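Given chain W's structure and the hints, the job is docking chains Y, U and B onto it.
Number of protein chains: 4
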Amino acid sequence: MRLSLQPSLDPTAYRFVHQVRTRFAETDAMGIIHHGNYPAYLEEARAAMLRDAGFPYEDVRAGDDGIDFAVLELYVRHRQPLRFDDLVAVHVVVDDLTRTTFQVGYLLTVDGQARATAVTVHGAVDGRGRPSRMPAFLAGLVGPGD
Amino acid sequence: MRLSLQPSLDPTAYRFVHQVRTRFAETDAMGIIHHGNYPAYLEEARAAMLRDAGFPYEDVRAGDDGIDFAVLELYVRHRQPLRFDDLVAVHVVVDDLTRTTFQVGYLLTVDGQARATAVTVHGAVDGRGRPSRMPAFLAGLVGPGD
Amino acid sequence: MRLSLQPSLDPTAYRFVHQVRTRFAETDAMGIIHHGNYPAYLEEARAAMLRDAGFPYEDVRAGDDGIDFAVLELYVRHRQPLRFDDLVAVHVVVDDLTRTTFQVGYLLTVDGQARATAVTVHGAVDGRGRPSRMPAFLAGLVGPGD
Amino acid sequence: MRLSLQPSLDPTAYRFVHQVRTRFAETDAMGIIHHGNYPAYLEEARAAMLRDAGFPYEDVRAGDDGIDFAVLELYVRHRQPLRFDDLVAVHVVVDDLTRTTFQVGYLLTVDGQARATAVTVHGAVDGRGRPSRMPAFLAGLVGPGD
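Residue numbers (my numbering), protein chains in the order written: chain W, -5 to 140; chain Y, -5 to 140; chain U, -5 to 140; chain B, -5 to 140.
Same shape as in the complex, but just chain W (with noise of 0.2 Å):
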């Protein structure tokens, strides 16, 4: 298990924030919004910070590199559940970068309440789905920033 950053409550310890409204199609007969979805809202906060930070990744995708960024792990943690129609404020860092690998934590909001944190590990790998070099950008992106 690489997974070894604490997703923190604090919202000032995250760079980005992106908006996230949950969908019908998203619910589950609990009356909540389905477990399975947060990986797309994570992921979908993690396109939205780099678009943000000037990188948008179908430029990383298309470039001469030709670079994804492949999940190795994936962790959430449910702590209120999420309803149709809320409003989410997905919080995102990036951390603890190596070599092969970086982490993102992410703290899930509604209203200022936590609803869930999450991280998720990721290499980066060429078009073939071999292990590549980390892009340079991504080390302006550690950490909360100014």
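By construction, these hints were calculated from the structure, which means they are not laboratory data. No experiment lies behind these values; they were computed from the predicted model shown. Hints may be right or wrong, so weigh each one.
[Claimed, not checked] Far from chain U, some chain W residues (derived; all Cβ distances over 12 Å):
1. D120
2. R124
3. R127
[As the list claims (entries may be wrong)] Derived Cβ-Cβ restraints for the label pairs, each shown as a range:
4. L81/Y to S(-2)/U: 53 to 59 Å
5. R(-4)/U to G106/B: 21 to 27 Å
6. V11/W to R77/Y: 33 to 39 Å
Ideal placement from N, C-alpha and C gives every residue a C-beta, glycine not left out.
Frame of chain W; chains Y, U and B shown alone:
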């Protein structure tokens, strides 16, 4: 983090195995099964294990207790990608049963080769989402069995 | 087949437009957005239109009438594929309101270019899934508006 | 609208039947299977029919022609809802084959009772998404067979 179970790479450490055929709808633009689909595979295998043990999930949900097994934590480690049309053997074992939670370990293999391991931590909740007593039958499902 | 609405390619024929950013999780191994995600886009746009019109879907569901708008029929015509990170304008119009059903037409565009058109046919059902009277407010939402 | 096939309510009008067990992840807050999951059920049944006929979809995609069957149109009529843990028989038939398109009809039943009918219209495209010649083997799959 309640998650403590270490999922084994040895299929004999599991009680039950459930086959899932991956869907084209579950692939992504990297040409592999998107990681967001794994929670649904795990859940399908849990439901199949309960059905096989004589406790169909729908009966548990509709019974006097009206119990749901809420997902409190989820961890997935991706070892090798799954691809479209793979027939995935999802091995399942219940462990670490306490008065309020239990954990489920998973090993996903294709043709005997490990593709992923995973753990989910569950609590019993009643129809209104409040913590509930763990159903007695779970004690009989702990470990790999005979 | 109740479906009768012919969705226009002219954006001015629609009452409301809702923006959806496609997710990487929604791509498939052809490198495009998988067609199975379109129903969720349409539903999100319907919910946004109701919210904008002052009738949040959650209020409609939780109100005295406890009404859901069941999907009776769905039709989608794919003209050009959507790709990851596309910002999709989903144009929405209600039409063909009867005592028991209404239809919703959709035009999906990216940068003003038509990508898909769609129609859904809905009936009002109560909390037990039985046909219910159509809420009066729907009559005010028919057509493209002023 | 190319869609012309009228899906029959008679199971003998279909060539092939594929069983799908609904997932809890596919339910919604109405307590039924969300309509957005039906396209994936239809696609899984199409793939199973091709596999059964000796033309696994992965072979078709990876072959010299590198052909994909793009979905041009989709129509679903919901007659009765599906629920969690339903074992759904998805009946499939190919029809209305032209030089550039073919249509597939579907009947979804649970315990012999019709739940939905559907039609998809497909075109053959090459690896770059351009229209391609229809593979010859499709002509042998038209209609309910012997």
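Here is what the structure says about each hint:
1. D120: Nearest chain U Cβ is 16 Å from D120/W, so the label holds.
2. R124: R124/W is indeed farther than 12 Å from all Cβ atoms of chain U, at 18 Å.
3. R127: 22 Å, holds
4. L81/Y to S(-2)/U: 53 to 59 Å: 43 Å, violated
5. R(-4)/U to G106/B: 21 to 27 Å: 25 Å Cβ-Cβ, so the 21 to 27 Å window holds.
6. V11/W to R77/Y: 33 to 39 Å: 35 Å, holds
The structure fails to meet hint 4 from the earlier list, while all remaining hints are met.
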